[in-house]
Each structure stands twice: as structure tokens, then as C-alpha cells.
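K.L.:
The chain contents come next:
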Amino acid sequence: MSKRIVIDPVTRIEGHLRVEVIVENGVVVDAWTKGTMFRGLEQIIQGKDPRDAIYITERICGVCMASHGWTSAMAVETAHGAVIPSAARVIRNLMVGALWLHDHPLHFYHLSALDYLDVLAVKDYQGNDQNLLGVKAKIMKLVEGGDTAPLTPRYVPDDFSVKDPDTVITALSHYLQALHVQAKAKQMSAILGGKQPHQSSIIVGGVTVYPTDENINQFRQLLAEVVHFIKTVYIPDVIYFATGPLLPLAKAGIGKGPGNYLSYGAFDLDDSGKDKLYKSGFVSNGQIEAFNDAHITEAVTSAWYRNANPAHPWDGATDVNLDKSSAYTFIKAPRYKSLATEVGPLARMIVAGYEPYVKLTKEYGIKPGAVARHLARAQETMLVADQMFKWIKELEELLEEGKSSSLGRTKIHDTDSWEPPQSGKGAGLNEAPRGALGHWVEIQDKKVKNYQMVVPTTWNASPRDDKGVRGPLEQALIGLPVDENNPANVVRVIRSFDPCLACAVHVVSPKGEKLIQI
Amino acid sequence: MREVKDLQKKVLVLGVGNILLKDDGLGPFVVKELEESYQNSDVTFLDGGTLGLDLLAYIEGHSCLLIIDALDVGKEPGSIFSWEGKILDGFSQQVSIHDVGVKELLLALNLLDIDIEIVVMGIQKEDISWGMGLSESVQKSIPLLKEAVINRLNEYLG
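In order, the protein sequences belong to chains A and B.
Heads up, the first sequence is in our numbering, so the first residue is 1 and it goes up one at a time.
Heads up, the second sequence is in our numbering, so the first residue is 1001 and it goes up one at a time.
Certain hints may be false.
[As the list claims (entries may be wrong)] No more than 25 Å apart at the CA atoms, straight line, and that leaves these computed lysine-lysine pairs for DSS-like: (1) K1103(B) / K141(A); (2) K449(A) / K425(A); (3) K359(A) / K231(A); (4) K1010(B) / K34(A); (5) K411(A) / K390(A); (6) K362(A) / K279(A); (7) K1103(B) / K138(A); (8) K390(A) / K425(A); (9) K1032(B) / K48(A); (10) K1010(B) / K184(A); (11) K1009(B) / K184(A).
[Said to hold, decoys possible] Examples of chain A residues lying across from chain B (beta carbon under 8 Å, computed): (12) I7; (13) V10; (14) G40; (15) L41; (16) R59; (17) G62; (18) L176; (19) Q182; (20) Q187; (21) P197; (22) S200; (23) I203; (24) Y210; (25) I516; (26) Q517.
[Claimed, not checked] Here are the in silico distance ranges between beta carbons for each label pair: (27) E1035(B) / M140(A): 39 to 47 Å; (28) D124(A) / K1010(B): 37 to 45 Å; (29) E1035(B) / W418(A): 23 to 31 Å; (30) S1041(B) / K337(A): 40 to 48 Å; (31) S1041(B) / D271(A): 43 to 51 Å; (32) D323(A) / E1035(B): 42 to 50 Å; (33) E1035(B) / A252(A): 48 to 56 Å.
Honestly, the hints are just simulated from the structure, not real lab data.
Glycine included, each C-beta is placed from N, C-alpha and C at the ideal position.
Generate coordinates for the entire structure from the input sequences, incorporating the hints supplied.
P.N.:
Laid out in C-alpha cells, this is it:
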């Protein structure tokens, strides 16, 4: 007996994703991930001033705007021949680093944790911690009011759900705490980013906002608060779940992807760009090799675009064809060396062989999969959190040096390469919180001739390629044990990738008596 | 006599939407225009783009959140509507947005017991496909929408 289960839309992710699986005898035997919204960004940028690409691309997403802005700047800077000053490099690291500190805990508490918690267990909390009793009262009030959003929708708690009232209520109190903390991390980006929430500081050649002593002090203070939460709450929580109640899932490697991992590397530690906080590399069959972007191709066999051979983003086109019978998604199929490849925190930790991650997974026998992704995400947050303090110090030193220079201030912008060249090409290869992010720009007559982006979720939620090989998320779903009537495991695996198909529409549809026509 | 509470009235006018999806960019567009023409120290304008929960950081300290957005209520494109209430009286069930966005923001305000008046004002969309710029039917209604927003602000602030 086989049964097709359709999850549409997958909730608590950014954007609209539809996932279909075939379940036979309680196991997923086939899977399709479908991006149902067309992303027409590339066409919008064509013909525009290349310097505007930063502001246009960062509007695509409500989450990692600064990552897009930064990566776009990298691509255009290469085409312009701009070399950014040291201080600009450090300011960008701090600005975007704050985004990571904001993004990863948010994903764990607000998008994923509810997959593993039996929220209603709070009613059995018998302790007398005033804070937790407050949480209990709050949740019970929502339950009695018949509106438990945003703690729902959810699937029925199953064998892998945590039902212990003390654990659940503690996790929910951290959920609320994380809401406050993410706002602080957001303020950090705002201090260095100028106009917020869409930063305007990153421009071609550097940054525009010159940090004052007060800015830096404020930033450092907020950072200390955010990092305290990360170290004392977020990371211990993830480790507790991964090595405790979820250990059986973790050891079974539920939700393992194709086993190929790619990281472009990110956060330059020096001006040469050779030493990075997150290392670049490609791992296949446990073997690591150097990353070379020439090995990236995108297949359009299963996507609603005009047929063409797999091509490097330089040669890629985005011509829509909705009549293609082999197509089922708007997402292209990026491949590295023709292989379906996972990107994101797990890929970064495996590529880097980051010691705390390797040690913990070895100690507990945790295999790559859904739980390992959460663990990797938490542990790499530590990496950036610790580095942030070093960057602040580095920035202070650079600003101090500037005081004795002829200008009396430190250079934060390369003004010499501000004007677009007659023609040129550039790639921005970077890591965003969700994984490898690439922007490619080609300039002709000082305008954008072609612009292509390959975003992390394009890699992970990609469809079948020209060889019929499934994308990473599709592969991760195959073999998954699933209760036909309660496909909780399917959404757990999907959300472990933190998919983001943003560029979503925000039209609201209010109803009811309170709607008044003016 | 004005109460102390009234003296602390602060409004955040939040334009939401994606400027790359034609009429969806209404919110950011109108907020930018209002910011240039309307001055009141108790009113802050913010282009929220497509952000959701991230906007929590900006809401603190305000007593009213006036959201400007493209609407889809199945009426004639260009029609102007407003909706208001308290988050606690079921707003979450009456507004549907398809991703982690403003809806999650409002739910989070509720969870955190942040007491704030919510007003939504907007225009029935015509076209939300890819592209920059608003469609004609929506553009025509913008002056009237701006007037309605200003009236509402003046009424609220007294």
C-alpha cells in the first residue's frame, strides 16, 4: 500500500514550499520539493546601475538582507576592481555577524523546537518557579481561548516528542526569552548599518557609516548580552536535546542528505581574503578538496525554465516555460561536480572539521542528519560569537590608527573604484546563515547585462537534475519512518535545513466586521 | 483633562511589503512619502520591507502600530480599507499572510504581553507580480490613503 502525502505549504519556514512524499509500509520511498513561487529578481536588475544591485537584492529577503547586500557588493566590487579597506572589512563582519547571532537561535526556538515539544504538557507542570508558572498561565490562557498560535499548527506529538512538563516549560520560557534577545541582536546590526531594517551602509567599495566610540560601546554591550544568552541558554538547550531526548533520532541519522557538503567560506580574517572564519571546501565520501566555483552548474530539467544544458551561473538564463511536462518547481538544480550537494551549518562544520562539533558527534555517535543540523547550527554560532569580540577590538585599533593619519580618520571606503567600468564581470561567493550564497554580475556599457544568484535553499531544496538525481532535501526524506496520518518526521527533516524561499508576498487579507472601506 | 496615559501616545507607522513585487511595495512607498511630508515627534515612520519578527526591535516604546500594506479583500483594485483592534481580540485569526512575517510579529507581541493598538490601512492590490512600481489603480488611491492615515494619526494623538 502506498500513500501520497502532500504538505502545502510547509509552515514555519520563510516563503512557500510544497513537499510531496510517497509512503509505503511506514517509510518514505519517494519525495519532491516544490518551490511554487517564481523569483523574477534577475530580470529586474538587468539594465540597472550595478551599484543598485546591493539595494535591490537585499529586498528579496526579509531575513538575511545584509547577507545579500554584502554578497552583491562583493560581486560588483570584483567587476569594478574595488579593494575594500581593512576597517570596512571588519565593519561588514560585525554587521553581518550580528545577523547570524540573530538568525540561528531564532530558527531553533521559533521555527523548529515546536516540532519536538508537546506544548500542552505545560499544564502538568507542578513546580513553583514563578517565571515558569507565568509561562504556564500564559500558554493555558491561549489554549483556553482556542488560539495557540504561534505555538501551533503542529502535528500530534509522537514517540520523539518531549513530553516531560519540566523540560517543555523550560524550553518555552527560553522561547520567550529568545524573542527579546533577537531584538537586541537586531539592534546591533542597526548601530553599524545606518538606516534599518534594510541596511544602507554597505556600498560598492566599503561602508558609509563611520562608527563613533559611543556606537562601539553600545554594540559591545548588546553583544555581551546576546552572547550570554547563546552560551548559557541556546547552545546548552540544543546539546541537551541532541544528546538527550532526540539522541535516538540523532544516532539513526534521520534525514541524512546526499553526503556531499559544500562551503564557499566566509568572514575574511585578513585583507588577503585567504584566511576565513568559516573555511571553504567540498567534502564527498569523507574526502575534502579545495573549492573551485568553476565546478558549479545549474540544471533546469525539472524546473519551469526553457530547456538548456546544465550551465555555470555565468552562462545561466532564467527564461520561464510553464508548459514543460518534466518540470515541477521554480527552483533550479545547482550541482557541484555534477553532484547533489548540501550547504548550510552542517556542511560548514563538516568542511571545517570544527573540533567541538566533531568531538561531540563522535562521543555520542551522532550521524549527519536532522538533529546534527541543529547541533552544527548551534556550534557554529559559538564560532562567530567569540570572533565578534575580536573584531570589535580590531576595529578600535584601526580607528585609533586613523586618528594619526593625514586625514585624521580611517578609510572605510574605496572611492577610486566607485564608477562602474565599461564592461566587467564579478562573482560574490559568501556564506549566509542558511548556506553557500553566490551572486554573479556581468556589466556591459556600465549597466548590468546579466545577474544570477544561487541561494542556499536553491542547493538544498533543488529538484531532480538532468540525470534524474534528487536534490539534497528530497534525498534526506527517502527512507524516513513516517506515520501516514501524522507526518511529523517529514516536517522535522525539512525544517532542519532551515529552508528560506523568501521573496514572499506580504499582502494581508483582513476579514470581519472591523474591516471598513474608506 | 488628558490622562498620563494619553501623554505617552507614540505611533509607529510601519510600511510592509516587497518593493520588487509591484503593488506589494505599497507600504514602503507610502511610508517614504509620508515621512517627507508629515512631521510629528510622536510619530515614527519605518520601512519594514518583508521583515517579520525582526521588527519587534522597533516596536518597543510605541502605543500604537499603524501598518500600511497592500490588501487583498477581493474588492475593486484601488479601494481603500482600514482595520483596527487589539491583538488580543482575535486579530491572528482574521489576518492571513503566507509566511513568517507580520502575522508572526503580531503573535509574538501577544505572547510577550506587549499592549499596543493595531491599525491596518491599505489599498486593494491589482498586480503583485515581479517588477518595481505600483499599478495605476493603486497609485490613484494613494493621495486619499495618505489623507486617511494622517486623519487617523491626528485623531489618535488628539
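K.L.:
Tell me, in ascending order, the numbers of any earlier hints that this structure violates.
P.N.:
Result: hints 4, 8, 12, 13, 22, 23, 24 and 30 break, sorted rising.
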